[in-house]
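Peer 1: So you can see what is in the structure, the chains are spelled out below.
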Amino acid sequence: GAVVSQHPSRVICKSGTSVKIECRSLDFQATTMFWYRQFPKQSLMLMATSNEGSKATYEQGVEKDKFLINHASLTLSTLTVTSAHPEDSSFYICSASQQLNNSPLHFGNGTRLTVT
Amino acid sequence: KNEVEQSPQNLTAQEGEFITINCSYSVGISALHWLQQHPGGGIVSLFMLSSGKKKHGRLIATINIQEKHSSLHITASHPRDSAVYICAVTPAYNTDKLIFGTGTRLQVFP
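Protein chains in written order, with the working numbering: chain A, 1 to 116; chain B, 117 to 226.
Be careful, since some hints might not be right.
As the list claims (entries may be wrong) - Below 25 Å or equal to it, Euclidean Cα-Cα: the simulated DMTMM-like pairs (lysine to aspartate or glutamate) are:
(1) A/55 with B/212
(2) B/171 with B/131
(3) B/171 with B/121
(4) A/20 with A/88
(5) A/41 with A/87
(6) A/66 with A/87
(7) B/170 with A/65
(8) A/66 with A/88
(9) A/64 with A/52
(10) A/55 with A/65
(11) B/213 with A/88
(12) B/171 with B/183
(13) A/20 with A/52
(14) B/213 with A/27
(15) B/169 with B/119
(16) B/213 with B/119
(17) B/170 with B/212
(18) B/170 with B/119
(19) B/213 with A/52
(20) B/213 with A/65
(21) A/41 with B/121
(22) A/20 with A/87
(23) A/66 with B/133
(24) B/184 with B/131
(25) A/41 with B/119
(26) A/41 with B/131
(27) B/169 with B/183
(28) A/41 with B/197
(29) B/171 with B/133
(30) A/41 with A/63
(31) A/64 with A/27
(32) A/64 with B/133
(33) B/213 with B/121
(34) B/213 with A/22
(35) B/170 with B/131
(36) B/170 with B/183
(37) B/213 with A/59
(38) A/64 with A/88
The hints are simulated quantities; they were obtained by calculation from the structure and are not laboratory data.
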């Protein structure tokens with residue numbers, strides 16, 4: 001079945017540094033990738049929708065200059081958390097889709113970010 | 117009120133019990149998804165439904181479009197079924213969107 005690989009699974013960084021998270025679709029071309037954030041014991045919150053070759057669409061309240069998204073190819077999207085602060089500590093997870101309303105959902109395993 | 121509501125929020129069961137998790141939604145939908153999130157955080161898609169019933173192993177998912185309600189059943193539950201089960205819908209008004217329920221935390225004890 002389709003696999004989405006997300007890397008790294010865990011990262012600890014210092015305040016002020018930037019962290020890049022990669023999301024790859026391994027056996028299908030993902031025209032659309034979604035980035036979510038999840039706080040403890042809460043549901044997934046959509047941050048942005050990433051389309052290959054175009055600018056990401058950010059949800060209201062998500063700072064696009066802080067959470068940089070690049071979808072450079074049909075198999076790779078990256079999320080960069082810039083100038084990280086402790087409040088950015090969270091679980092970030094991506095999903096990839098060929099055509100959302102007709103295809104099952106494929107999620108990465110998530111990245112747990114801790115900013116010290 | 118959330119557009120997708122799940123119940124119960126938390127559920128404990130003894131191994132072997134039959135489990136039901138419910139999902140109600142308030143919007144017209146294109147599809148409904150049942151997801152399983154493991155303790156480590158990874159999410160697996162269990163079912164995608166737009167009508168009727170689907171079965172995969174010990175898992176059964178049903179949906180009633182008229183009543184805007186879906187159920188996920190687990191037969192002969194096992195400790196490895198312990199996870200958070202999330203209902204999500206693709207609304208008909210925006211098929212690029214997903215609306216998530218808050219999840220049901222299931223613990224199955226041996």
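Peer 1: A separate judgement is required for each hint: does it hold in the structure or not?
Peer 2: Here's how the hints hold up against the structure:
1. Restraint check for residue 55 of chain A and residue 212 of chain B: the C-alpha separation of about 16 Å stays at or below 25 Å, so the hint holds.
2. For the proposed pair residue 171 of chain B and residue 131 of chain B, the alpha carbon gap of about 20 Å is at most 25 Å, so the pair holds.
3. As the CA atoms of residue 171 of chain B and residue 121 of chain B are separated by approximately 22 Å, the hinted pair is consistent with the 25 Å bound.
4. Between residue 20 of chain A and residue 88 of chain A, the direct Cα distance comes to roughly 13 Å. Compliance with the 25 Å bound is thereby established for this hinted pair.
5. Only pairs whose Cα atoms come within 25 Å are accepted, and residue 41 of chain A paired with residue 87 of chain A is accepted, the gap being roughly 16 Å.
6. Distance check on the hinted pair: residue 66 of chain A and residue 87 of chain A sit about 12 Å apart at the alpha-carbon level, within 25 Å; holds.
7. A threshold of 25 Å between alpha carbons decides the hint, and for residue 170 of chain B with residue 65 of chain A the separation of about 43 Å lies outside it, so the pair is violated.
8. Simply put, residue 66 of chain A and residue 88 of chain A have alpha-carbon atoms about 10 Å apart, close enough for the 25 Å limit, and the pair holds.
9. With a C-alpha separation of about 17 Å, the suggested pairing of residue 64 of chain A with residue 52 of chain A holds against the 25 Å cut-off.
10. Proximity of residue 55 of chain A to residue 65 of chain A is assessed by CA-CA distance (about 12 Å); at most 25 Å being required, the pair is judged to hold.
11. In summary, the hint linking residue 213 of chain B to residue 88 of chain A is supported, as the alpha carbons are separated by about 24 Å, within the 25 Å threshold.
12. This hinted pair checks out: residue 171 of chain B and residue 183 of chain B have alpha carbons roughly 20 Å apart, not beyond 25 Å.
13. Distance check on the hinted pair: residue 20 of chain A and residue 52 of chain A sit about 18 Å apart at the alpha-carbon level, within 25 Å; holds.
14. Simply put, residue 213 of chain B and residue 27 of chain A have alpha-carbon atoms about 23 Å apart, close enough for the 25 Å limit, and the pair holds.
15. Among the hinted pairs, residue 169 of chain B with residue 119 of chain B is consistent with the structure: their alpha-carbon atoms are about 22 Å apart, no more than 25 Å.
16. Pair hint residue 213 of chain B plus residue 119 of chain B holds up; C-alpha atoms about 13 Å apart against a cutoff of 25 Å.
17. Restraint check: the Cα-Cα separation between residue 170 of chain B and residue 212 of chain B comes to about 23 Å, which is no more than 25 Å; the hinted pair holds.
18. Taking the CA atoms of residue 170 of chain B and residue 119 of chain B, the gap is near 23 Å; set against the 25 Å cutoff, the hint holds.
19. Proximity of residue 213 of chain B to residue 52 of chain A is assessed by CA-CA distance (about 17 Å); at most 25 Å being required, the pair is judged to hold.
20. Our distance criterion of 25 Å between C-alpha atoms is met by residue 213 of chain B and residue 65 of chain A, whose separation comes to about 23 Å.
21. Among the hinted pairs, residue 41 of chain A with residue 121 of chain B is consistent with the structure: their alpha-carbon atoms are about 15 Å apart, no more than 25 Å.
22. Straight-line distance between C-alpha atoms of residue 20 of chain A and residue 87 of chain A comes to about 17 Å, which keeps the hinted pair within the 25 Å bound.
23. For the proposed pair residue 66 of chain A and residue 133 of chain B, the alpha carbon gap of about 47 Å is over 25 Å, so the pair is violated.
24. Straight-line distance between C-alpha atoms of residue 184 of chain B and residue 131 of chain B comes to about 30 Å, which puts the hinted pair past the 25 Å bound.
25. Restraint check: the Cα-Cα separation between residue 41 of chain A and residue 119 of chain B comes to about 18 Å, which is no more than 25 Å; the hinted pair holds.
26. About 24 Å separates the Cα atoms of residue 41 of chain A and residue 131 of chain B, which keeps this hinted pair within 25 Å; it holds.
27. Between residue 169 of chain B and residue 183 of chain B the CA atoms are separated by roughly 14 Å; this keeps the pair inside 25 Å, and the hint holds.
28. With a C-alpha separation of about 18 Å, the suggested pair residue 41 of chain A and residue 197 of chain B falls inside the 25 Å cut-off, and the hint holds.
29. At most 25 Å may separate the alpha-carbon atoms for a hinted pair to count; residue 171 of chain B and residue 133 of chain B meet this at roughly 18 Å.
30. Of the supplied pair hints, the one linking residue 41 of chain A and residue 63 of chain A holds, its CA atoms being roughly 23 Å apart against a limit of 25 Å.
31. Distance check on the hinted pair: residue 64 of chain A and residue 27 of chain A sit about 29 Å apart at the alpha-carbon level, beyond 25 Å; violated.
32. Straight-line distance between C-alpha atoms of residue 64 of chain A and residue 133 of chain B comes to about 47 Å, which puts the hinted pair past the 25 Å bound.
33. Restraint check for residue 213 of chain B and residue 121 of chain B: the C-alpha separation of about 17 Å stays at or below 25 Å, so the hint holds.
34. For the hint pairing residue 213 of chain B with residue 22 of chain A, the CA-to-CA distance comes to about 22 Å; that is within 25 Å, so the pair holds.
35. Of the supplied pair hints, the one linking residue 170 of chain B and residue 131 of chain B holds, its CA atoms being roughly 23 Å apart against a limit of 25 Å.
36. Between residue 170 of chain B and residue 183 of chain B the CA atoms are separated by roughly 18 Å; this keeps the pair inside 25 Å, and the hint holds.
37. Distance restraint check for residue 213 of chain B and residue 59 of chain A: the Cα-Cα separation of roughly 11 Å lies within the 25 Å cut-off, and the hinted pair is therefore satisfied.
38. A distance of roughly 14 Å separates the Cα atoms of residue 64 of chain A and residue 88 of chain A; the hinted pair therefore holds under the 25 Å criterion.
Checked against the numbered hints given earlier, the structure breaks hints 7, 23, 24, 31, 32 and satisfies all the rest.
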